[in-house]
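> Chains L and S, in that order, give the protein sequences.
When the letters of the first sequence are read in order and numbered with the numbering used here, they come out as residues 1 to 331.
When the letters of the second sequence are read in order and numbered with the numbering used here, they come out as residues 1 to 384.
Derived from the structure by calculation, the hints contain no laboratory data.
For every residue, glycine included, the Cβ atom is placed at its ideal position computed from N, Cα and C.
There's no promise every hint is true.
[What the hints assert, rightly or not] Not the full set, but computed from the structure, chain S residues with beta-carbon under 7 Å of chain L: (1) V213; (2) I219; (3) L226; (4) A234; (5) A235; (6) I341; (7) N345; (8) A348; (9) L351; (10) V360; (11) P361; (12) I363; (13) L367; (14) N370.
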Amino acid sequence: MLNYLARRILVMIVTLAIISLMVFVIIQLPEGDFLTSYITELQSQGEAVDKQKIEYLRAQYGLDQPLWQQYLTWVGGLVQGDLGYSFEYDLPVTVVLGDRLLLTIVVNFFSVLFIYIIAFPIGVYSAVRQYSWGDYGLTLVGFLGLATPNFLLALILMYLANRYFGTSIGTLMAPEYLDQPMSFGKMISILEHLAVPVIIIGTAGTAGMIRRLRANLLDELFKQYVVTARAKGLSEGKLLVKYPLRMALNPFIADIGNLLPQVVSGSVIVSIVMGLETVGPPLVKALQSQDFFLSGAVLMFVALLTVIGMFISDLALAVLDPRIRLQGGAR
Amino acid sequence: MSDRMDHFVSTEPFDPQAIEALSPEQERYYMASQWKMMWWRLRRHKLAVISGFVLLVMYVSVVITEFLAPYELSTRNVDYLFAPPQGIHLFHEGRFVGPFTYGLEQTLNMETLQREYAVDETNVQPLRFFCSGDPYRFWGLFEADLHLVCPAEDGTLFLLGTDRLGRDMWSRILYGARVSLTVGLIGITLSFILGIVIGGAAGYFGGWVDSIVQRVIEILRSLPELPLWMALSAALPARWSPIVIYFGITIILALVDWPGLARAVRSKLLALREEDFATAATLMGARPRRVIARHLLPNFMSHLIASATLSIPSMILAETALSFLGLGLRPPVTSWGVLLIEAQNIEAVTLFPWLMTPMVPVIITVLAFNFLGDGLRDAADPYK
């Protein structure tokens, strides 16, 4: 197990290093940098440009250095928790993002939890009662969930809430808690506001998860060992839980590898549409204004989220399945 | 020796073909080509056939958009800003008049400072068919003004209402289809080529090529797609012409999407290259390119087409999302995502819900591609 753990951590670090390189290349792709466009914008408005400040920032963040050196500085900062400086907000990125990092984790965590809690019983039901009305109905709902893109679902729900209840559902907490430090009351408020975004983000993932669990379980349900157990007189409920369900559970957990990137993607765009206090909205703004320390930090953060999530799911699998633990984890 | 049984000889005339003879139906089945059998399989999947038909209609409409749309893409009806959808009626005061719309009466509500539209039930505006309306350049090639349907002279025909500039939503959705539907096709073609070439190389050569490709695929698949797409399309310079941006977006879509296909190609090739027919081809001096393209690929082409069909929706959605966020296509290029930009303002949507209508074709297209892909996947292996 220790061996497996060590290897898995090494792989994760290498992956993150490569991702950081990719992110750096991507955020450097646009022509010019924020400072250049900032200067031209100021000039077009006829404002005086504070040359000294620009030069200071340029030197401070090493924008006059060769690219590879900039990359090393950037990664070095990331490792030490210095995410760089947001030109747009004129604040360090850590301050701009602030609580948003934690809230992003909260939203994604609850979305994944929601998906598993909903998908599990429905998937089992659909498989055990294959071709029943319940199965057909749930399959149809699942298909609709798959086909309705979550940002459109967010729009529709926001419209309905606005139209029929006169309320806006586009925040993660009651207004009085905005910009407040984390407290018990704030936490409760966040949990109360979490339901709608979590359902919206989770829908597509839930639908896919149900279909996969159903297929996995159906593969197992008619195998001979199940027939044998039934012939020996095991009750249906016990039989299901003891044998086929355990076999179908592994892929269900391993699937988090497909699920997480999808959930994180979804949470980004849903947050933008609904204006949630996660890293989504600053990302769009930063990308539009070439505020590359900010966009780079957000991109790295969402990548980190999925990579660490997968690491945890791999560990869970290793604990559940001795074959992976002992063979050193060829998935 | 004498108590041995007599040798049995049947008195029936001997027909050497007796077992091999097939009924015409069996013969048809056994002699059918693989693609024919796939078609038979697919035909049984009713939902897939209907979806295929819907998609066919949509793609044909894309070819003749200018003719189908009652208005031109950017025609502004300045007297009808945010006009509500107009219904089409057949009977006026119990008398059959053929399809017509009632005129719209506009008043300005001085309290809310909003335009309010009332249906004027005395103003009957019969629709005209195969008529000359807004002039357009068909695919930018030649001038014409023939439309399938136009409003009456001085009348209006806003099937789905108008937007903030008084442009007809229905016509704009038809024009938007041209961009939204082709983005997916071009994107998937590129991603298909990338997937086959890269996955093919990894699967056929194995060894270090394989491990490198595997790692790259793993990393790309572990990244959330949408933020990556957003960052890449934000890197497209704003001074590029709309058409170049369009191709840029399709390339970006393909760049992030290929790993899924490449993985499928790789695993199939790994299994197939050990088969005898592949060895035989190699021994006869065929080069890798030929072995892959002529002997291995046709074996699982149908699977690839099915999985490609299933990944078109994600591309269409990605384009919609990117344009919606203002990072993808920009006006004057019009796609469904660009149309939905207008629906970002929740107050506007509450007052003018028809601004959300471009969602409907998006959802229909995605559903149709999903059903068709599902059917294709079941049909992909007709010998099972």
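> All hints, please: hold or fail.
Now for the hints, and whether the structure bears them out:
For S:V213, the shortest C-beta to C-beta distance to chain L is roughly 14 Å, which exceeds 7 Å, and the interface hint is violated. The beta carbon of S:I219 comes within 6 Å of a beta carbon in chain L, closer than 7 Å, and the hint placing it at the interface holds. About 4 Å separates the beta-carbon of S:L226 from the nearest beta-carbon of chain L, less than 7 Å, and the hint is met. A distance limit of 7 Å between C-beta atoms decides the matter here; for S:A234 the minimum to chain L is near 4 Å, and the interface restraint holds.
Nearest Cβ of chain L to the Cβ of S:A235: about 4 Å, under the 7 Å cut. The hint holds. With a least beta-carbon distance of about 12 Å to chain L, the hint placing S:I341 at the interface is violated under the 7 Å criterion. Because the beta carbon of S:N345 sits about 11 Å from the nearest beta carbon in chain L, more than 7 Å, this interface hint is broken. Interface restraint check for S:A348: the shortest CB-CB distance to chain L comes to about 10 Å, outside 7 Å, so the restraint is violated.
Annotation: interface hint on S:L351 violated; nearest CB of chain L at approximately 10 Å, more than 7 Å. Checking S:V360 against chain L by beta carbon gives a least distance of about 10 Å; that is not within 7 Å, so the hint is violated. Taken as an interface hint, S:P361 does not check out: its beta carbon lies about 11 Å from the nearest beta carbon of chain L, beyond 7 Å. Given the 7 Å rule on beta carbons, the hint for S:I363 holds: about 6 Å separates it from the nearest Cβ of chain L.
The interface hint given for S:L367 holds, since its Cβ lies 4 Å from the closest Cβ of chain L, which is under the 7 Å cut-off. A distance limit of 7 Å between C-beta atoms decides the matter here; for S:N370 the minimum to chain L is near 6 Å, and the interface restraint holds.
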